[in-house]
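If you want the building blocks of each chain, they are given just below.
Protein chains: 2
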Amino acid sequence: MTITDVVSRLREHDDFIIITHIRPDGDTVGSGAALCNALQKAGKRAYLYDNPQFPDCYPWLSDPFVAPQGYEPKFAVAVDLAEEKMFPKGFSGPVDLCIDHHPSNSHYAIETYLEPDKASCGEIVMKVVKELCGKLEKDLADQLYVAVATDTGCFVYGNTTGDTLRAAAELCDAGASNTVLNKILFRTSSKARLLLESMIFSSLRYYHGGKTVFAIVTNDMLTKAGATEKDCNDIASLPGRVEGAATSAVIKEVDANHCKISLRTNGMVNANAVCKKFGGGGHAMASGCSMDKSCEEAAAMLADAIAEVIE
Amino acid sequence: MTITDVVSRLREHDDFIIITHIRPDGDTVGSGAALCNALQKAGKRAYLYDNPQFPDCYPWLSDPFVAPQGYEPKFAVAVDLAEEKMFPKGFSGPVDLCIDHHPSNSHYAIETYLEPDKASCGEIVMKVVKELCGKLEKDLADQLYVAVATDTGCFVYGNTTGDTLRAAAELCDAGASNTVLNKILFRTSSKARLLLESMIFSSLRYYHGGKTVFAIVTNDMLTKAGATEKDCNDIASLPGRVEGAATSAVIKEVDANHCKISLRTNGMVNANAVCKKFGGGGHAMASGCSMDKSCEEAAAMLADAIAEVIE
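Protein chains in written order, with this note's numbering: chain C, 1 to 311; chain F, 1 to 311.
Check each hint, because a few of them may be wrong.
Any copy will do: because identical chains look the same in the list, a pair fits if it lies in one copy or spans two.
In silico DSS-like pairs for lysine-lysine, Cα to Cα no more than 27 Å straight-line [to be verified]:
{"hint": "1", "residue 1": "191", "residue 2": "224"}
{"hint": "2", "residue 1": "74", "residue 2": "224"}
{"hint": "3", "residue 1": "89", "residue 2": "130"}
{"hint": "4", "residue 1": "85", "residue 2": "276"}
{"hint": "5", "residue 1": "130", "residue 2": "277"}
{"hint": "6", "residue 1": "211", "residue 2": "127"}
{"hint": "7", "residue 1": "260", "residue 2": "191"}
{"hint": "8", "residue 1": "224", "residue 2": "130"}
{"hint": "9", "residue 1": "276", "residue 2": "44"}
{"hint": "10", "residue 1": "230", "residue 2": "277"}
{"hint": "11", "residue 1": "277", "residue 2": "44"}
{"hint": "12", "residue 1": "230", "residue 2": "130"}
{"hint": "13", "residue 1": "138", "residue 2": "183"}
{"hint": "14", "residue 1": "277", "residue 2": "74"}
{"hint": "15", "residue 1": "276", "residue 2": "127"}
{"hint": "16", "residue 1": "183", "residue 2": "230"}
{"hint": "17", "residue 1": "89", "residue 2": "293"}
{"hint": "18", "residue 1": "135", "residue 2": "277"}
The hints are simulated quantities; they were obtained by calculation from the structure and are not laboratory data.
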C-alpha cells in the first residue's frame with residue numbers, strides 16, 4: 001500500500017470508527033484524533049472508539065471525537081496498534097485498515113500500511129491527513145504534534161530522526177501550539193508523581209562501583225505518595241538518569257513475595273540475557289522479568305547476575 | 001551584515017580567538033567549538049578563549065579547542081555573548097565580531113551579526129559554518145546540535161520554532177549523534193542533583209488552593225545533598241512542574257537572615273510586579289528579588305503579596 005492507496009480507501013468508505021490501543025498514549029490518541037478530525041473535515045462520518053482508558057491519558061484530546069452511543073460504524077481503522085492483544089478493552093475486531101509504525105505489527109488487519117522506521121505513527125498519519133485535506137489546519141497540527149512529540153519524549157529518545165524533527169517543524173509552521181502542549185505533556189507532573197520520584201531518588205541502591213543502580217518501588221511507597229498506575233508512567237527509566245549508571249533496574253513490589261523487574265542498560269550488559277536467567281526477556285537494552293521473591297531478595301540476586309556478566 | 005559578510009570577514013583574517021560567555025552553557029560552547037573547528041578546517045589558526053568556567057560545563061566539548069599558552073590572537077569573535085558584563089573571567093575585549101541571538105545585545109563589538117528571533121546562537125553559527133566549509137561534517141553537526149538542543153531544553157522551551165526543529169533535523173541528517181548527546185545533556189543527573197530534587201519535591205509548600213507553590217532551598221539541604229552551584233542549574237523551574245501551579249517560586253537561603261527569590265508564573269500573575277514590591281524585578285513570567293529575611297518569613301510575605309494580586 002502507498003499513502004495514496006490509504007487515502008483512496010478512506011475516500012471510498014464512510015461511517016468510520018478509529019481504534020486506539022490499550023493503555024493509550026499520546027501517539028495513538030493524537031494520531032486517532034487527527035485522522036478522525038481529518039475525515040470529518042473531508043465530509044465523512046468518523047468517530048474514535050470509546051477506549052475506556054482515555055480518561056487516564058489525555059481526555060482533552062480524545063473527548064471531542066468519541067463515538068456517541070448507538071453509532072454503527074462500517075469501516076474500522078486502527079492507528080499505532082501493533083497486534084490484536086493491544087486492542088482496547090471491549091473491542092474484538094475486525095479491523096479493515098491499520099496504519100502503524102511498529103516493526104512487530106502482526107498484520108491482523110485486512111489491509112496494513114506500515115512504516116517501521118518512523119518514530120511515531122503520527123508522522124505517517126500526517127502524510128495521510130495532508131493528502132486527504134490538502135493542507136494542515138492548526139487543530140490537525142496540534143493533534144499530530146501530540147503524537148509525534150509524545151512518542152519521542154519531546155525529541156529526546158533514540159528513535160528521533162531528522163525526519164521526525166522535520167515533521168515537527170512542519171507542524172509548528174502550521175500553527176501547532178508547541179509551547180502550550182510541551183508544558184502539558186512534558187513539564188507538568190502530579191503531586192503524587194513528584195513525591196514518588198522523590199522517594200525513588202532518595203533511596204537508590206548502588207552496586208559495582210556505581211555502574212549498577214536499582215530503585216525499589218514498594219506498595220507502601222505508592223500509598224504514601226498517593227500514586228496510582230498513571231503516576232508510574234516510564235518509572236523504569238528513572239534510576240538510569242544517575243551519572244555513571246551503565247545498568248539500572250526498577251524492582252516493583254507485587255506483594256511480599258513477588259516483584260516485577262524492569263532492567264535497562266547502555267548496551268554494555270545484555271539486559272535480555274540477564275532477564276532470561278529469571279525466566280524473562282526482551283531487548284538487549286531493555287528487558288523485564290518477574291521473581292517469586294521479596295524486593296530485597298530480588299535486588300541481591302539481580303545484582304549477582306549482573307556482576308557475573310560484567311566479569 | 002549578512003551571513004556572507006560574516007564569512008567574508010572570517011576569510012579576510014587569521015589567528016582567531018573565540019570568546020564564550022561567563023557561566024558558559026551548551027549554546028555558547030557548542031557555537032564556539034563549531035566556529036573554531038570550522039575555521040581550522042578552512043585553514044585558519046583559531047582557538048577558544050580559555051574560559052575558566054569551562055570545566056563546570058561540558059569540558060569534552062571545549063577542551064580540544066582551547067588556546068595554548070602564549071597564543072597571540074589577532075581577531076576576536078564572540079558567540080552568544082550579549083553584553084560586556086557577560087565577558088568570561090579574565091577577558092576585557094575588544095571584540096572584532098559578535099555573532100548572537102539575544103535581543104538585548106548591546107552592540108559592544110566592532111561589528112555585530114544579530115538574529116534576535118533565533119532560539120539559539122547555534123542556528124546562526126550553523127549558517128556561517130555551512131558557507132565557510134561548504135558542508136556540515138559530522139563533528140560540526142555534533143557541536144552545533146549541542147548548541148541548538150541546549151538552548152531549547154531539547155526542543156521543549158517556548159523559544160522552539162519550526163526553524164529550530166528544521167535546523168536540528170539538518171544536523172541529524174549530517175550525522176549528529178543526537179541519541180548519545182541527548183543522554184549526556186538531558187537524561188543524566190548527578191547523585192547530588194537527584195537528591196536535591198528529592199528534597200525539593202518532598203517539601204513543597206502550597207498556597208491559594210494549590211495554585212501557588214514554593215520550594216525553600218536551604219544551605220543545609222545543599223550540604224546534605226552534596227550539591228554545588230553546577231547541581232543547581234534551572235532549579236527555579238522545578239516547583240512550576242506541579243500540576244495546577246500557576247505561580248511558583250524557589251526561595252534560596254543565603255544565610256539565616258537573607259534569601260534570594262526566583263518567581264515564575266504562567267502569566268496570570270505578573271511576576272515583575274510582585275518582585276518590584278521587594279525591590280526586584282525582571283519579566284512578567286519570570287522575575288527575582290532578594291529579601292533580608294529568613295526563608296520562612298520570606299515565604300509568608302511572598303504568599304501574601306501574590307494573594308493581593310490574585311484578589
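Evaluated hints:
no.	hint	result
1	191 x 224	both (11 Å within a copy, 23 Å between copies)
2	74 x 224	neither (48 Å within a copy, 63 Å between copies)
3	89 x 130	neither (31 Å within a copy, 52 Å between copies)
4	85 x 276	within (23 Å within a copy, 58 Å between copies)
5	130 x 277	neither (48 Å within a copy, 51 Å between copies)
6	211 x 127	neither (43 Å within a copy, 40 Å between copies)
7	260 x 191	both (24 Å within a copy, 25 Å between copies)
8	224 x 130	neither (48 Å within a copy, 55 Å between copies)
9	276 x 44	neither (49 Å within a copy, 55 Å between copies)
10	230 x 277	neither (30 Å within a copy, 41 Å between copies)
11	277 x 44	neither (53 Å within a copy, 57 Å between copies)
12	230 x 130	neither (33 Å within a copy, 46 Å between copies)
13	138 x 183	within (18 Å within a copy, 32 Å between copies)
14	277 x 74	neither (48 Å within a copy, 64 Å between copies)
15	276 x 127	neither (40 Å within a copy, 50 Å between copies)
16	183 x 230	both (18 Å within a copy, 25 Å between copies)
17	89 x 293	neither (31 Å within a copy, 57 Å between copies)
18	135 x 277	neither (53 Å within a copy, 49 Å between copies)
Of the hints listed earlier, those the structure fails to meet are numbers 2, 3, 5, 6, 8, 9, 10, 11, 12, 14, 15, 17, 18, in rising order.
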